[in-house]
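A.B. asks: Kindly generate the complete structure, drawing on both the sequences and the hints.
If you read the protein sequences in the order shown, they are chains B and V. When you line the first sequence up against the numbering used here, it's residues 21 to 311, in that order. When you line the second sequence up against the numbering used here, it's residues 21 to 311, in that order.
I should point out that these hints are in silico values taken from the structure, not numbers from a laboratory. Mixed in with the good hints there might be a few duds.
[To be verified] Computed cross-link-like contacts, SDA-like style, restricted to lysine to any residue with a CA-CA straight-line distance of at most 25 Å:
id: 1; chain 1: B; residue 1: Lys248; chain 2: V; residue 2: Gly27
id: 2; chain 1: B; residue 1: Lys248; chain 2: V; residue 2: Arg216
id: 3; chain 1: V; residue 1: Lys32; chain 2: V; residue 2: Gln51
id: 4; chain 1: V; residue 1: Lys119; chain 2: V; residue 2: Asp134
[Stated by the list, open to error] Partner residues are not named here, just some residues of chain V that face chain B (Cβ under 7 Å, in silico):
id: 5; residue: Ile187
id: 6; residue: Ala204
id: 7; residue: Leu233
On a predicted model such as this, the values are computed, not experimentally measured, just so you know. Built from N, CA and C at the ideal position, the CB exists for glycine as well.
Number of protein chains: 2
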Amino acid sequence: MGAAMAGHLLSKGHALTVSSRTRSKAEGLLQQGARWAESPAQVAAESDVVFTMVGFPMDVSDVYLGEAGLVQQARVGMVFVDMTTAPPSLAGTIAETIKARGAHFLDAPVSGGDVGARNASLSIMVGGETGVMEAIRPLFESLGQTIVHQGATGAGQHAKLCNQIVIAGTMIGVCESLLYGSRAGLDLETMLQSIRGGAAACWALDNLAPRILARNFDPGFFVEHFVKDMGMALEESRRMRLVLPGLALVHQLYLAVQAHGHGRSGTQALMLALEELSNVRVSAGRAEPSQ
Amino acid sequence: MGAAMAGHLLSKGHALTVSSRTRSKAEGLLQQGARWAESPAQVAAESDVVFTMVGFPMDVSDVYLGEAGLVQQARVGMVFVDMTTAPPSLAGTIAETIKARGAHFLDAPVSGGDVGARNASLSIMVGGETGVMEAIRPLFESLGQTIVHQGATGAGQHAKLCNQIVIAGTMIGVCESLLYGSRAGLDLETMLQSIRGGAAACWALDNLAPRILARNFDPGFFVEHFVKDMGMALEESRRMRLVLPGLALVHQLYLAVQAHGHGRSGTQALMLALEELSNVRVSAGRAEPSQ
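C.D. replies: Below, the structure is given as structure tokens:
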């Protein structure tokens with residue numbers, strides 16, 4: 021996603037310096053005129069605004085606070101924007117460290133996935149000072165379509181976790197529905213035709229149910245990243261003394277998906293854990309109702 | 021819903037005979053020219069095609085198989101259509117009884133709720149013989165927009181239960197997300213703005229989240245009917261040896277909603293059970309993030 025997003029900044033004519041643990045991921049950008057930096061610190065040294073998009077909280081922490089991290093070269097007036105989905109508390113820690121050097125930090129996780137990154141149609145959820153966000157709004161508008169200020173530092177991350185909590189619900193609903201319909205002998209394409217326009221309508225029904233019927237478990241969005249996001253939401257919930265039984269259940273089932281070696285599959289692989297539980301397999305083909 | 025649907029048949033110029041346990045519900049139809057019948061049997065005696073739309077499985081059983089039930093007056097070539105959401109196995113029993121008298125039976129539950137019934141925009145899921153369904157298709161088209169044959173007797177009911185299983189997932193996802201966002205200090209309207217267009221998009225987020233923020237728990241769709249539907253889906257699942265942990269959890273939480281006296285509230289009242297569990301209350305107003 022980071023490469024696609026950086027590409028949009030380049031094509032708008034911004035001077036771009038990039039760094040990545042895996043240099044090959046940046047090759048396309050370098051050919052389009054981006055400069056290579058050996059470390060995050062070097063990126064910061066050569067930039068006024070820095071965007072980060074990495075994988076896990078540990079990676080965010082390394083990129084900002086590590087040995088050759090961004091913070092090393094933070095100067096007065098610079099803006100740092102983390103677009104990774106990461107813990108709100110980590111956003112707080114990084115923001116303080118950066119503020120101490122006279123620079124600014126925004127947490128700005130996104131939804132819309134790889135497709136949204138390519139089409140610059142992402143929804144960007146921003147936490148931090150409004151003035152800082154407005155100052156770099158044109159850059160955000162190169163990357164996404166819906167740019168909304170959610171509140172103080174961490175609020176962008178909280179909003180993104182709200183997004184993931186809804187998705188946890190839609191995923192279990194869609195997968196259990198397909199399992200039920202298949203076992204009941206329905207033709208699942210025909211069933212989807214009836215339910216997709218009404219109160220059951222959801223993105224997962226339109227976009228992931230067809231992949232499940234085609235036994236296509238490619239990502240989309242990695243199981244291991246979704247497990248991370250749900251884990252963060254549950255940890256925040258514990259801290260806030262919130263009981264979220266649905267999220268906790270779906271998280272557990274996704275741990276089972278991961279335990280069976282599907283961490284790098286798409287989130288629709290939840291189906292595999294449910295099939296395993298019931299020892300059946302969803303089939304798109306029509307059969308007589310089993311009643 | 022039945023009254024609105026019967027009204028569409030009347031306004032298309034069909035002679036209509038109606039019966040209801042509560043005569044007052046039929047007054048509007050009688051004023052528009054419908055004839056009153058004292059019992060289901062009398063409706064059947066005066067009709068070629070009979071539609072039923074009642075509450076619980078017991079009511080369906082009474083209307084068809086009870087003392088003055090429809091089956092008493094079933095004649096060769098008649099068509100009976102049950103649009104109630106009811107157990108697929110009950111559809112099977114009624115279909116056999118009616119077939120023995122030379123008449124036909126379709127199970128044809130709907131989704132789209134009271135609004136869909138008023139606007140004739142319902143999705144109608146039909147189980148039974150295709151030829152019988154096609155013979156009365158113009159009548160279905162007076163009542164709904166999406167009319168799909170799902171398979172043999174009971175398949176309409178199974179498809180409707182698939183619909184309800186998805187909704188169970190979206191409801192828990194949406195309610196837990198609002199609870200999380202509120203507790204995290206987000207402005208929930210603003211949060212919804214960010215998440216409603218992406219992978220979390222669902223009917224419940226668009227239609228029920230705003231009601232929850234307004235503390236409006238009016239139905240919509242009754243909690244007690246949703247509890248019935250989920251209970252039927254779970255019973256069918258047990259019979260088919262399917263494990264549906266998400267559905268089972270949501271069913272339990274809705275039983276808690278009912279236990280607190282909200283059986284005649286709308287399904288968005290799931291929020292009340294979740295608030296009770298965490299001993300907090302969702303507030304739409306903005307507060308500082310609690311992290």
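A.B. asks: All the hints need checking, so say for each whether the structure fits it.
C.D. replies: Here is what the structure says about each hint:
{"no.": "1", "hint": "B:Lys248 / V:Gly27", "verdict": "53 Å, violated"}
{"no.": "2", "hint": "B:Lys248 / V:Arg216", "verdict": "22 Å, holds"}
{"no.": "3", "hint": "V:Lys32 / V:Gln51", "verdict": "16 Å, holds"}
{"no.": "4", "hint": "V:Lys119 / V:Asp134", "verdict": "31 Å, violated"}
{"no.": "5", "hint": "Ile187", "verdict": "5 Å, holds"}
{"no.": "6", "hint": "Ala204", "verdict": "4 Å, holds"}
{"no.": "7", "hint": "Leu233", "verdict": "13 Å, violated"}
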